[in-house]
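**Q** All residue numbers for the sequence shown refer to this note's numbering, where the first residue is 172 and numbers rise by one.
Some clues are possibly wrong.
[What the hints assert, rightly or not] Below, in silico cross-link-like pairs of lysine-lysine (DSSO-like), each with a Cα-Cα straight-line distance of 30 angstroms or less: (1) K296 to K332; (2) K349 to K270; (3) K296 to K270; (4) K296 to K335; (5) K349 to K335; (6) K270 to K332.
[Said to hold, decoys possible] Between beta-carbon pairs, the in silico distance windows are: (7) G259 to K349: 36 to 44 angstroms; (8) G293 to S232: 38 to 46 angstroms; (9) D277 to H203: 27 to 35 angstroms; (10) E290 to I230: 21 to 29 angstroms; (11) K332 to S276: 38 to 46 angstroms; (12) Y315 to P284: 17 to 25 angstroms; (13) G201 to G293: 31 to 39 angstroms; (14) E228 to I295: 24 to 32 angstroms; (15) G183 to A250: 13 to 21 angstroms; (16) E279 to P208: 21 to 29 angstroms; (17) S236 to I295: 15 to 23 angstroms; (18) K335 to E279: 13 to 21 angstroms; (19) N311 to P233: 29 to 37 angstroms; (20) N346 to H203: 22 to 30 angstroms.
Hints in this document: simulated from the structure, not taken from any laboratory. Please read these numbers as outputs of a predicted model, since none were measured by experiment. Glycine residues also receive a C-beta, built at the ideal position from the N, C-alpha and C atoms.
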Amino acid sequence: MLVATLFSGFGGQGVLSMGSTLATAAMLEGKHVTYLPAYGVEVRGGTANCTVVVADEEIASPVASEPECVVALNQPSFARFQGILQAGGLLCANSSLVKTDSARSDIEILAIPAGELAEQVGTIKVANMVMLGALVRASNMISYDTMLENLSAILGERKSKLIKLNREALSLGYNYIKE
172 MLVATLFSGF GGQGVLSMGS TLATAAMLEG KHVTYLPAYG VEVRGGTANC
222 TVVVADEEIA SPVASEPECV VALNQPSFAR FQGILQAGGL LCANSSLVKT
272 DSARSDIEIL AIPAGELAEQ VGTIKVANMV MLGALVRASN MISYDTMLEN
322 LSAILGERKS KLIKLNREAL SLGYNYIKE
């Protein structure tokens, strides 16, 4: 198994945090991982994206020119990155901000109202974790239980006060996706 995922959105939406969380959870699960962040000059409000590759064996390159999954938190990211998604790939779109009616017909679209779901736990700031929970469920690239068990270690001491909130957000996204 080798799955490349591109996370994208505006700076400040937690795009890089989402990718880092997935990468760290995959490492804790014993998988091979690469994490490659990229962001514009004006970090907050500018564009940001990162690529995470998760595999069962050694990874040759962190670059994913045709990822299997794309997560788009805003409309510009949706427009820009749906074109590089491989045919049959999965595009998780934040339907709170993204209209998916212009999507390619050869990809699977999961529209997740991440903003509305995040508001259920009290803050839009965890919309990224809602999206991550949905991606984990839809892709099965890592164990959801492993991510939850290690959330404190993944987020670190600095964010220890936010563990409960992030756990709830991950759960909302994960449970939003029907089997």
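**Q** Given a hinted range of 38 to 46 angstroms, is it respected by the beta-carbon distance of G293 and S232?
**A** Between G293 and S232, where Cβ atoms are some 40 angstroms apart, the hint holds.
**Q** Quick check: does the Cβ-Cβ distance between N346 and H203 fall within 22 to 30 angstroms?
**A** With a Cβ separation near 29 angstroms, N346 and H203 satisfy 22 to 30 angstroms, so the hint holds.
**Q** Could you tell me whether the CB distance from G259 to K349 stays inside 36 to 44 angstroms?
**A** violated, 20 angstroms
**Q** With 21 to 29 angstroms as the target window, see if E279 and P208 comply at their CB atoms.
**A** holds, 25 angstroms
**Q** Taken at face value, is the distance from the CA of K270 to the CA of K349 at most 30 angstroms?
**A** holds, 21 angstroms
**Q** If I claimed the Cβ atoms of Y315 and P284 lie 17 to 25 angstroms apart, would that claim hold in this structure?
**A** At 20 angstroms between Cβs, range holds.
**Q** Please work out if K349 and K335 have their alpha carbons no farther apart than 30 angstroms.
**A** Holds, at about 23 angstroms.
**Q** That 21 to 29 angstroms hint for E290 and I230 (C-beta), does it hold up?
**A** violated, 37 angstroms
**Q** Note whether the CB distance of K332 and S276 lies within 38 to 46 angstroms or breaks it.
**A** At 44 angstroms between Cβs, range holds.
**Q** Could you tell me whether the CB distance from S236 to I295 stays inside 15 to 23 angstroms?
**A** Given a distance of about 32 angstroms, which is not inside 15 to 23 angstroms, the answer is violated.
**Q** Given a hint of 13 to 21 angstroms, does the C-beta separation of G183 and A250 actually sit inside it?
**A** holds, 19 angstroms
**Q** If you draw a straight line from the CA of K296 to the CA of K335, is it 30 angstroms or shorter?
**A** Holds. K296 to K335 sits at ~14 angstroms (cutoff 30 angstroms).
Checked against the numbered hints given earlier, the structure breaks hints 6, 7, 10, 14, 17, 18, 19 and satisfies all the rest.
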